[in-house]
Structure formats: C-alpha cells, structure tokens
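If you count the sequence shown from 1, you need to add 1478 to reach the numbering used here.
Derived from the structure by calculation, the hints contain no laboratory data.
Treat the hints with care, since some could be wrong.
[To be verified] List time: in silico SDA-like cross-link candidates among lysine to any residue, alpha-carbon distance up to 25 Å:
| # | residue 1 | residue 2 |
| --- | --- | --- |
| 1 | Lys1512 | Thr1551 |
| 2 | Lys1503 | Ser1518 |
| 3 | Lys1503 | Pro1538 |
| 4 | Lys1503 | Thr1551 |
| 5 | Lys1563 | Gln1526 |
| 6 | Lys1563 | Thr1551 |
| 7 | Lys1512 | Ala1524 |
| 8 | Lys1512 | Ile1494 |
| 9 | Lys1503 | Leu1534 |
| 10 | Lys1563 | Glu1546 |
| 11 | Lys1503 | Ala1524 |
| 12 | Lys1512 | Gly1532 |
| 13 | Lys1503 | Glu1544 |
| 14 | Lys1512 | Ile1498 |
| 15 | Lys1503 | Ala1489 |
| 16 | Lys1512 | Gln1523 |
[Unchecked claim] If you anchor each label on the Cβ, the simulated ranges turn out as follows:
| # | residue 1 | residue 2 | range |
| --- | --- | --- | --- |
| 17 | Asp1568 | Arg1537 | 44 to 52 Å |
| 18 | Leu1541 | Asn1495 | 25 to 33 Å |
| 19 | Val1539 | Ile1498 | 50 to 58 Å |
| 20 | Thr1542 | Ala1506 | 23 to 31 Å |
Bear in mind that the values here come from a model prediction, so they are computed numbers and not experimental data.
We put the beta carbon where it would ideally sit given N, CA and C, even for glycine.
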Amino acid sequence: MVMTDVITRAAAMATINIRIDDELKARAYRELEKLGVTPSELMRQALQYVAERGQLPFRPVLLTEEDEALIATVRERLADPQRVKVALDDL
C-alpha cells in the first residue's frame, strides 16, 4: 500500500474596505438579506464578472432632472392614454 500526501493550497484572500453612507449600507444589506446574498458574495460575483468580461455587470444610467421629468410624463400618459383620431392621409 502506497501512501501519498495530498497538499491542498488555499487561495490567498484579500480584503477590500469601502466607505459608504450608513443609510445606504443598511438599506442595501436588508435587500441583500432578502435575496439570500451576503455583501461578500455580491462583491465576489461582481468582481468575477468584471475580471472575466472586462465590463460592469450593469449599465450605468445617469438621468438629468429633465430626463426624469420626461419619463414621469410618459408614465402618466401611458397609465391614462388618450384617443387620437388620425387620417391615413395625414400620416
């Protein structure tokens, strides 16, 4: 009988510290708990995605106040559409 030593090597682990608003942290942690994900798992998955694909796992969206007002108007109109009569010749 030959005995062999099995050597397992744990990956080196790094720590990341971030500064974030206390209220945002509390709200985010509550939502993550509902999703069954720890903050560490979220960061690991996000960093893995970026490392593998070279892009963010979401599309950054920046809205101006004008954009937000336009979106609100569109939502209101979609919620209560008005009939419009149009002749085919007018198109």
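Here's how the hints hold up against the structure:
1. Lys1512 <-> Thr1551: Violated, at about 32 Å.
2. Lys1503 <-> Ser1518: holds, 13 Å
3. Lys1503 <-> Pro1538: holds, 20 Å
4. Lys1503 <-> Thr1551: violated, 32 Å
5. Lys1563 <-> Gln1526: Given pair Lys1563, Gln1526 is violated - Cα atoms ~53 Å apart, limit 25 Å.
6. Lys1563 <-> Thr1551: OK: Lys1563 and Thr1551 at ~21 Å, within 25 Å.
7. Lys1512 <-> Ala1524: holds, 18 Å
8. Lys1512 <-> Ile1494: holds, 23 Å
9. Lys1503 <-> Leu1534: holds, 21 Å
10. Lys1563 <-> Glu1546: violated, 29 Å
11. Lys1503 <-> Ala1524: Measuring from Cα to Cα gives roughly 17 Å; hence the hint holds.
12. Lys1512 <-> Gly1532: Cα-Cα ~29 Å, so violated.
13. Lys1503 <-> Glu1544: violated, 29 Å
14. Lys1512 <-> Ile1498: holds, 20 Å
15. Lys1503 <-> Ala1489: At roughly 28 Å apart (the allowed maximum being 25 Å), Ala1489 and Lys1503 break the hint.
16. Lys1512 <-> Gln1523: holds, 17 Å
17. Asp1568 <-> Arg1537: 44 to 52 Å: violated, 38 Å
18. Leu1541 <-> Asn1495: 25 to 33 Å: holds, 30 Å
19. Val1539 <-> Ile1498: 50 to 58 Å: violated, 19 Å
20. Thr1542 <-> Ala1506: 23 to 31 Å: holds, 25 Å
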